[in-house]
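Student: The lines below spell out each chain.
There are 2 protein chains.
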Amino acid sequence: MTENAAVLAAVDWGTSRFRLWLLDAEGRALALSQGPEGLEAGRRLGFEAVLRDHLSRLSAPETLPVLICGMAGSHQGWIEAPYVDLPASLDRVAEAVVPVPGIGLDVRIVPGLAKRDQSAPDVMRGEETQLMGVAAGAPTGAPTGANGGAMPGRMQLCLPGTHSKWVALDGRRVEDFTSYLTGELYALLSRHSILRHSLTGVDAEAGIQVDPDNPVFAAALERALAAPERLLSALFSIRAAGLLDGLAGVDAAARLSGVLIGAEVATALDRGDGPAAVTLVASGGMARLYGAALAAAGAVVTTVDADRAVCAGLMAVASKDAAGGPARRRA
Amino acid sequence: MTENAAVLAAVDWGTSRFRLWLLDAEGRALALSQGPEGLEAGRRLGFEAVLRDHLSRLSAPETLPVLICGMAGSHQGWIEAPYVDLPASLDRVAEAVVPVPGIGLDVRIVPGLAKRDQSAPDVMRGEETQLMGVAAGAPTGAPTGANGGAMPGRMQLCLPGTHSKWVALDGRRVEDFTSYLTGELYALLSRHSILRHSLTGVDAEAGIQVDPDNPVFAAALERALAAPERLLSALFSIRAAGLLDGLAGVDAAARLSGVLIGAEVATALDRGDGPAAVTLVASGGMARLYGAALAAAGAVVTTVDADRAVCAGLMAVASKDAAGGPARRRA
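Same order as they appear, the protein sequences are chains D and S.
If you count by our numbering, then the first sequence holds residues 217 to 547, one letter each, in order.
If you count by our numbering, then the second sequence holds residues 217 to 547, one letter each, in order.
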């Protein structure tokens, strides 16, 4: 139904989910097909089969270029797209896109970034594409100038998630980034730890779902911002509060969320001289929780929708990669 | 075989294991029966049945007094032994022992301690008994005087484990304590998190089993002691080191251990004016790892064997509880 206008199939292929958007020449999402077929499912079912299934659900033509970011490019993925090392220009990332040969489809995979630092090495796959989307001027509130994408000076970005990333971007150059195990730790603790006995009635499978206006979240956040080094004891005290004070399940979840997000923000936020300015790349509940946390930490926040950033990033790569943009390929 | 000399069956009934020692009048362990029948098994199989099974394995007479510490006294346990609130004299804990009625055995359960603090509540069950053992002058290197158990002044104690406890003891008075989720987090991360892909060949079920002389442990420890607030990113960097540097599984485990123990020690250690003095209540590999961590943090360490501390504590309670000591009961 929409294939006439589509110029790109933009795919975010993560550890635990698959999302494919059909984008028009202006980068607008015409249709979305998504499912739980993450990295493991790709390995089990075959990456090509999963991709073709989603393309056919949207009646996409075989000739439509497909651009993928995320774990499909990992060593355990479809085709390894080797990391680009820091410091890295976003243009270099776009140039290093790796084609998947011999399948009768035009599929390319965006590489991730690596920080090769002996004491604190780090990697990302997927977020580099969001960075390109932000740099290209993602539609919602992106702090870019009117010059069509060039970034003015240094930016600090926060990309919350299973493994939250904090990035120092200078123009189109990624200077540094650091990952935090925040989201995964929330999931592990709420499902498997002693804290699960205190998070009664909370759907642990649903991820962080906490009301940012819950005063229990705000109080835990404030303590964690003031003393992020107390994480290990702050976690146990959630259980003790359940035992001694009858802390409700929804409040235990709020407290857990505040403890973890507060510890992340307090450690990651580069306050510099004046008030910290942070570009938050997030959607939905995560955007609200991190927005509240960043505000509580005194940061000035600009929010960019994470899904739009992915699409804009893939669109930017497609129009820049060495083989030419999607329009040329369709010719 | 040993029942002639036994005056007490001393039981440490934890979340995941059961241990019963037969003790003679001098508190020496004559025999040990242990198994995986922790709190859950007690609830499923019946606490009395589990206890009688272990007593019969050691051919203990029905008249032998039994004293239990640990989770058997929790709300979900056999008989609830309500928490004694902080600040608490260890004598008060001994007085608050709760008998299990109507089973034809002389069974008593030691209560735990609670810190009722709105922002950082805390609880312990089992460690209070180890504290009594230390205060009574546990055999191995306990820093007590020749006065038979009275503690000279303030002590800082570290009791590592699934939920490590750090305790401020003033004479026989527990002034404060704080729990750290260190051991449980190690288990969760090594079994269920993305880090499990880096801990290849490591038996995650065996708990922390790391060589304290491994330089990877020492390096991770040093970084964590210097910056305990970086825990969430230090955890992710273990995975990145696996991907980028081919970090070996045993070294990934050492790094995880160093990150977690270092964060705990750096936060918990009260350095006071001079060098910190810590009484470490631990056994085996845990004693070596925490000993190394405390030394790296500049603390002067006295180590008390944790199992001996439990036995000495239960012996001390048995000789003090309101109904009279074990010798009197046997008459």
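Keep in mind that the hints were calculated from the coordinates and are not lab data.
Values in this document were obtained by computation on a predicted structure and should not be read as measured data.
Please note that a few of the clues may not be correct.
Derived contacts from chain D toward chain S, CB cut-off under 10 Å, selection only [what the hints assert, rightly or not]:
1) D322
2) A330
3) D333
4) L411
5) L460
6) L463
7) A513
Just a sample of chain D residues kept apart from chain S, beta carbon distances all over 12 Å, derived [what the hints assert, rightly or not]:
8) A336
9) A435
10) A443
11) E445
12) G488
We put the CB at the ideal spot given by N, CA and C, even for glycine.
Student: Would you pick out the hints that fail for this structure and give their numbers low to high?
Tutor: Numbers 1, 7, 8, 9, 10, 11 - these are the hints that the structure violates, sorted from lowest upward.
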